[in-house]
Every structure is written in C-alpha cells, then in structure tokens.
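K.L.:
Sequences are here, hints too, so could you generate the full structure?
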Amino acid sequence: METRARFAPSPTGALHIGGGHTALFNWLWARRTGGKFILRIEDTDRARSTAEYEETIMSGMTWLGLDWDEGPDKGGPRGPYRQSERLDLYREHAERLTAEGKAYRAEGAILFRVLPDVDLSFDDIVYGRIETKSDGLKDRESEGLKDIVLIKSDGMPTYNYAVVIDDHLMEITHVIRGEDHISNTPKQLLLYGAFGWKPPRFAHLPMILGKDKKKLSKRHGATSVYEFRDMGYMPDSVFNFLALLGWSAGEDREIFDRREASALFELSRVTRKPAVFDPDKLNFINQEHLKRLDPMARLELVKPFWRELGLPVGGHDDAYLAGALTLMGGRGQTAKELAGFSDYYVSFEPVKERWTAEGVPDGLRPGLREFFAALLAEPEWAAEKLEARARAWVEEKGAKMKDYAMTLRFALTGMKVSPGIFEVAALLGRGEVRRRLEFYGLC
RNA sequence: GGCCCCAUCGACUAGCGGUCUAGGUCGUAGCCCUCUCAAGGCUAAAACACGGGUUCGAACCCCGUUGGGGCCGCCA
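If you're matching positions, the first sequence starts at 13 in this note's numbering and goes up one per residue.
Hints in this document: simulated from the structure, not taken from any laboratory. For every residue, glycine included, the Cβ atom is placed at its ideal position computed from N, Cα and C. Errors might be hidden in some of the hints.
Stated by the list, open to error - Result set (PhoX-like, lysine-lysine): computed pairs, CA atoms no more than 25 Å apart in a straight line:
1) Lys210 <-> Lys158
2) Lys348 <-> Lys397
3) Lys315 <-> Lys227
4) Lys226 <-> Lys158
To be verified - Distance windows between CB atoms, simulated:
5) Asp192 <-> Lys428: 45 to 51 Å
6) Arg304 <-> Lys223: 53 to 59 Å
7) Lys226 <-> Asp292: 14 to 20 Å
8) Asp329 <-> Lys364: 21 to 27 Å
9) Ser260 <-> Ala400: 44 to 50 Å
10) Arg265 <-> Gly46: 17 to 23 Å
11) Glu14 <-> Ser260: 23 to 29 Å
12) Gly327 <-> Asp292: 22 to 28 Å
13) Glu263 <-> Arg152: 45 to 51 Å
14) Lys428 <-> Ile142: 56 to 62 Å
15) Asp269 <-> Ser165: 44 to 50 Å
16) Thr24 <-> Gly327: 42 to 48 Å
17) Arg152 <-> Pro291: 34 to 40 Å
P.N.:
Next up, the structure:
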C-alpha cells in the first residue's frame with residue numbers, strides 16, 4: 013500500500029523549527045517510500061488562524077525544500093485540505109456517533125462518552141509498545157473519566173476529533189508528529205474504535221529542546237525558519253541539521269542533501285531522547301554546504317547580504333565577485349558572515365572606515381613605500397609573481413614579511429584577517445591596489 | 001497531583017548480550033601549515049545517571065531510585 017504521510021500545522025504563527033522538523037520527517041518518509049506527502053491546514057481555532065500565516069508556513073516549507081503532493085493550494089483526491097472547509101464532514105460524523113448513542117449534546121457542544129476499561133495500547137514505530145487504557149483519560153480535579161469534546165459550541169471540531177476524521181478520510185497511513193502527541197493518541201484511538209476504523213501507524217518524534225533543555229521557544233532566539241534564512245543560513249543546511257535531530261543515517265554520514273537523506277531515511281532509526289538544538293553544529297553544517305556550493309550559486313546567496321550592507325554590488329561583474337568568494341574559501345559560516353568578511357572586494361569605502369594609516373610608524377613608511385612600489389612595478393600581475401617579488405625584496409632587506417604583508421592587508425581590506433593577501437591584491441587588480449595604497453599615502 | 005515517555009562525552013549520536021581498554025561528528029585544547037584568519041592535517045581531554053537483579057558474561061534484558069521531558073483546554 014502506498015504510504016501517505018501528512019504535516020498538519022495550524023496557521024497561528026510562522027513555520028518554526030519544531031514544525032519544520034516534523035514536516036521534514038514526514039516528507040522524508042513519504043519520499044523514502046515513494047508515497048505521498050500531504051499538507052493539511054488545521055485552522056479550526058478561528059481566533060488565532062490567519063491566511064497570512066498559512067501562506068508563511070507554505071513558503072517556509074518551500075524554502076526548506078519540502079514539496080507536498082496534496083494540499084490546500086494544489087488540491088488532491090482527498091480534499092479539501094483546510095479543516096475550515098471540512099465542517100460538514102465533522103458534523104455528519106459527530107451526528108452518526110450521537111445517533112449511535114456514543115456521543116451526546118451538551119451546552120451546544122457534542123461530546124464523546126468515554127467508557128472505562130477500554131484498552132488503548134498501540135505500537136509506536138519509534139517508541140515501541142505504549143500501554144494505556146481509557147481509565148487514564150481523567151479530569152484533572154474530579155478524577156473521574158472525562159468525556160471528549162468533538163464539536164465545540166462554536167460549531168468547530170476539536171483537534172483530537174478533526175485529526176481522526178481527516179487522517180481516516182485522507183487515508184493517511186503514517187501519522188508522524190511530535191512526542192507531545194503521544195498522550196493524545198489514546199483519545200484518538202478511542203474515536204477510531206467508535207467509528208470502527210483502522211487507525212494509521214503512529215511514529216512520534218523526539219522534541220527539540222533549547223540549550224536549557226526546555227522546549228524550544230521564542231526566548232531561545234531564532235525559532236522561525238525564516239529567521240535562519242535572514243541570518244544567512246542555507247535551506248540545505250537547515251534541512252541537513254534538522255534531519256540529524258533525532259535521526260542518524262548510520263555509516264557516520266552527517267553531511268548530505270535532500271536526495272541522499274530521503275534515500276537513507278528510516279523511521280525505525282529515529283531516536284527517542286529529546287534533542288538539544290545546537291547552533292554550533294548548525295554553523296558547521298552551513299559552512300560545509302557553503303563550501304560545496306559552486307561559485308555562482310554562492311554569489312547569489314551572498315549578494316543580498318552585500319546589498320544589505322549598502323555595497324554597490326552592481327558595479328562589478330559576476331565573474332569578479334564569484335572569484336572573490338572562491339578566494340574566501342571556507343571563511344564564514346553563514347552567507348551573512350561571508351558577506352561581511354568580503355566587503356572590501358565590492359567597495360573601498362568600508363576599508364576606509366575600518367582603517368586609517370595612523371598606526372603605521374613613521375620609521376616604517378619609507379620602507380613600505382619602497383616595498384609597495386616594487387610590487388606595483390611587477391610586470392605580471394599574478395599572485396605567485398607578487399609573492400615571489402615580495403619575498404625577494406624582504407629577503408634582500410633582511411625584513412620581516414609579516415610587517416609588510418600585514419600593512420598591505422590593512423590597506424587593502426581594512427581587516428587583520430583575510431585570504432592570502434597577494435591573492436587578494438591579484439584579484440583587486442593593479443589599478444585598485446594602487447588607488448588604495450595612494451589613499452593611505454603608502455606609495 | 002495523575003498518566004505517559006526518556007536516560008551513552010558539554011551537544012548530536014553509533015551501539016541493538018561477548019568484536020567496548022565504548023566509535024563518529026560539533027564544540028573545546030594543543031601541534032603542523034603560514035603574510036593573518038578560516039580551511040586542511042595530526043593529537044588530546046571528554047560519556048554508558050545510581051542501586052539491585054538475570055546471565056558464564058551487560059552500555060545493551062528486568063525492577064527500583066534519581067533526573068529530565070510531555071500531556072491532563074469547547075488550543076492545536
């Protein structure tokens with residue numbers, strides 16, 4: 013049987029890390045098994061759901077590279093895919109239970125009568141056998157069994173009810189969701205039983221915790237996937253990182269793309285322990301993906317951040333800029349960081365702001381002028397030639413390469429760190445190097 | 001408070017009764033490279049929560065303790 017997995021967010025906020033994680037695992041499983049990935053919008057909370065958030069969640073998923081086969085925007089054979097458009101379905105089914113005496117009306121709502129001693133145990137794909145009985149569905153104070161609200165007095169279905177109707181009608185085969193839903197599962201099982209339906213397979217995923225081991229929330233900083241995009245993380249990295257939270261491919265595979273992950277994925281290899289979100293590891297993974305990117309793709313990633321810094325990106329051709337980023341090598345863990353580290357290729361302005369030649373000792377200036385003049389006189393403007401020339405000069409004068417190379421670095425980049433400075437000089441071009449040195453009165 | 005779940009280095013994890021003097025990755029420290037910083041190479045410190053069982057043998061199985069997480073809404 014074809015597997016059908018779904019992600020069912022409620023549009024009450026942007027797609028956050030936890031939601032992205034759940035969506036990702038559903039996607040992985042659907043793709044791994046060659047099945048369908050379905051997006052269903054659970055917008056029964058009239059007060060908090062908005063169309064804007066629905067849109068945001070969908071574009072967040074798209075950004076992550078999670079494409080769905082059926083959903084509110086593209087339809088499908090088991091629609092509609094928005095709960096607010098399925099109200100008749102919930103009503104009909106609730107009435108059916110009412111007619112059978114399994115549910116009753118009270119104060120405008122329809123409640124399901126919970127009977128004692130019903131076995132609600134199930135086999136979770138990741139957690140294994142979970143034993144429970146309906147006796148556990150107690151009211152917090154009265155200690156008595158608590159009936160389940162099916163339809164609220166505003167006519168909307170409750171989560172635990174709608175999810176059962178939808179998962180069954182949409183022929184969902186695997187319900188993959190956060191571990192916080194384990195305790196909801198018995199309630200849902202009770203309803204499957206009342207309808208005489210075969211429940212889907214359940215696979216609960218470990219929670220994602222912040223550094224303080226508390227459920228990830230706003231106070232842990234960035235939580236929306238868009239915040240990661242804005243910080244310069246690649247979707248491929250966030251995908252890779254999220255996939256590693258609660259799952260391992262085995263064979264010590266840690267860096268992979270979507271295709272590789274979906275080929276390797278196994279629900280049975282999902283972990284049970286809550287996982288702590290580690291920004292350091294995300295940074296590392298992002299750096300790895302950044303390094304693997306071809307020059308032009310990398311350029312497109314960095315451009316927006318250069319623009320954000322107010323740099324005249326349009327003033328250079330792409331080949332030059334891509335060359336600059338190639339020269340940057342593994343420097344920078346995010347596109348944003350890389351943009352900040354490489355601004356001097358785009359413009360001299362930030363260099364001037366960062367460095368004035370004031371700190372250069374007067375005693376060193378004549379030597380520097382001579383050194384730079386020698387460099388600028390180099391017939392062939394190439395990194396190896398410039399370096400060879402510099403080394404020869406330094407050796408002849410019995411000087412330290414460091415003093416001269418560092419001054420050149422400051423004059424060209426305004427920074428104390430950069431790629432090999434002769435490479436930088438070669439890329440900037442003789443004219444630009446002269447211009448910068450002249451500005452500082454160093455040639 | 002009740003119910004459920006979990007427990008390997010600081011973090012993510014491998015391990016599924018002997019191959020574990022517990023492996024990998026991030027992070028941390030050191031060394032090499034070197035015009036600086038990344039990258040890269042090498043090395044180091046770093047964990048089976050505790051107590052009972054079961055077994056010839058336990059990180060792996062069972063029980064308890066402790067610790068952590070989740071749920072107990074006419075929110076999802």
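K.L.:
Hint by hint, work out which the structure violates, then give me just those numbers in ascending order.
P.N.:
Those not satisfied are hints 2, 3, 4, 6 and 12.
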